[in-house]
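Peer 1: So you can see what is in the structure, the chains are spelled out below.
Protein chains: 2
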Amino acid sequence: MEKIVSLQNSRVKKWASLHQKKYRDMYGLFLVEGDHLIGEAEEAGVLEALIFDEPCSRYCENMFEVTPQIMKRLSANVSDVHMIGVCRKKDQVSGSAKRAVLLDGVQDPGNLGTIIRTAKSFSFDAVYCSPDCCDLYNEKAIRSTQGALFHIPVIRTDLAPLIHELKKEGFAVTGTSLQESCPLSSLQKQDKMAFVFGSEGQGVSDKVLEACTNAVRIEMDGFESLNVAVAAGIIMYAFRG
Amino acid sequence: MEKIVSLQNSRVKKWASLHQKKYRDMYGLFLVEGDHLIGEAEEAGVLEALIFDEPCSRYCENMFEVTPQIMKRLSANVSDVHMIGVCRKKDQVSGSAKRAVLLDGVQDPGNLGTIIRTAKSFSFDAVYCSPDCCDLYNEKAIRSTQGALFHIPVIRTDLAPLIHELKKEGFAVTGTSLQESCPLSSLQKQDKMAFVFGSEGQGVSDKVLEACTNAVRIEMDGFESLNVAVAAGIIMYAFRG
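Residue numbers (this note's numbering), protein chains in the order written: chain A, 155 to 395; chain B, 155 to 395.
Wrong hints could be hidden among the right ones.
One copy or two, either will do: identical chains are not told apart, so a pair holds if it fits within one copy or between any two.
Calculated cross-link-like contacts (lysine to aspartate or glutamate; reagent style EDC-like; alpha-carbon spacing at most 16 Å) [said to hold, decoys possible]: (1) 294 <-> 262; (2) 252 <-> 293; (3) 252 <-> 375; (4) 175 <-> 289; (5) 346 <-> 262; (6) 252 <-> 319; (7) 361 <-> 312.
Simulated from the structure, these hints should not be mistaken for laboratory data.
Same shape as in the complex, but just chain A (with noise of 0.2 Å):
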């Protein structure tokens, strides 16, 4: 165990540098706070040190006892945050992914976070984000994916080339749309499935869709209007992995 003390301290310098997404980026490293993300991180093999100014019920390799003022320096929240974890990116997908979620532009960084939740909990092998897409490692998305961020590969990639790939791969990738698209009662489930949920506003973009091999849609009634997060939780559970 270490103790700093120094505002100035090159690792301080180095944490607080991760609230800023090029550092994060960069390091391949992010912050999160609580003990239920900390427990997650430490459970999942992503925790690479653990920040601390009381007496801490977790353990990790590196621990690193700190100030008041620099765990304020260090928090995303004003107060009451006494242990922060360094964590590293999960962003590894394993060769046999039979089912994978691209998003296609979500802005709403609850809604990121609850599906990436919702992937892991239907057994998703992966969450693909378009470069549009709000950032994950911001406190809100980390909040909404309640820990399943250290158990679900998350990569932010240009979503063109990665459909042609998973369909190289076999994948049959499926895009949402209320138009031209067949209702999802009658989807047939396939070894390997991708599925694209689009932006708030604007669903699936046409250049994205045009890549897919065909489309769905959620059978409404009247008030054809569903949140992203629910009708990607829909589709997930209807093609469980």
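With chain A's structure known, arrange chain B on it following the hints.
Peer 2: What follows is chain B alone, placed relative to chain A:
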């Protein structure tokens, strides 16, 4: 059309009071902002009055032009609101109702609003909220309904007596629980069905579960964790009206 210039005007005072729950309950009215929501209220016939400070694209029998100062006083947002609708709450359930959702202590306004939106999309007839659910008429909840709350009755009431009433009317009332429950895929469709969803932290309370006809769980593998609005979406889709 009437023009109002004084913040002391009695109508302005009444409208401003609608930011507080007790006055919304007393008058049976609430405020909404934005063209989309006002359009939905108009279409549903629940728009009582329209307040604006710039030329207005919507119509209603009671139109009030106000000053920007009054608009600012009435709006929940900091800027850019030029039209506010005064709406009547919708809280009468049709006698021929066959699908109902019951919410036991749902805390998050976004989840509550999303469940109402989903219920309308899957042709449910009513949403009942326990007294300890969060308030429906706060801005975040209203926005999450995407206007569905103008089209489906939402009623705040004690759930245990309601469940007994629904059972007398021939409803199968199904609670959601991970324990002592049947998997969703084996639950039989009935003519009249009601589903109970619980709070984000605790789920459905024991007292309410005991009053139910039976209980159901959504099949998951390993990481058993679903957002309540996602769980509600999956079950309402499976038994849509």
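Peer 1: All the hints need checking, so say for each whether the structure fits it.
Peer 2: Verification of the supplied hints:
Both within a single protomer and between protomers do residue 294 and residue 262 lie at most 16 Å apart by alpha-carbon distance, with minima of 9 Å and 13 Å respectively. In this homomeric assembly, residue 252 and residue 293 never come within 16 Å of each other (Cα to Cα): the closest approach is 29 Å inside a single copy and 41 Å across copies. Taking the shortest Cα distances, residue 252 and residue 375 sit within 16 Å of each other only across copies (15 Å), while inside one copy they are farther apart (32 Å). In the homo-oligomer, the alpha carbons of residue 175 and residue 289 lie at most 16 Å apart inside one protomer (8 Å), although the nearest pairing across protomers, at 35 Å, exceeds that limit.
In the homo-oligomer, the alpha carbons of residue 346 and residue 262 never lie at most 16 Å apart, since the shortest distance is 28 Å inside one protomer and 35 Å across protomers. Taking the closest pair of Cα atoms, residue 252 and residue 319 come within 16 Å of each other only inside a single copy of the chain (14 Å); across copies the shortest separation is 46 Å, beyond that limit. Taking the shortest alpha-carbon separations for residue 361 and residue 312, only the intra-copy value of 11 Å comes in at or below 16 Å, while the best inter-copy value is 50 Å.
In the structure shown, a violation is registered for the earlier hints numbered 2 and 5, in ascending order.
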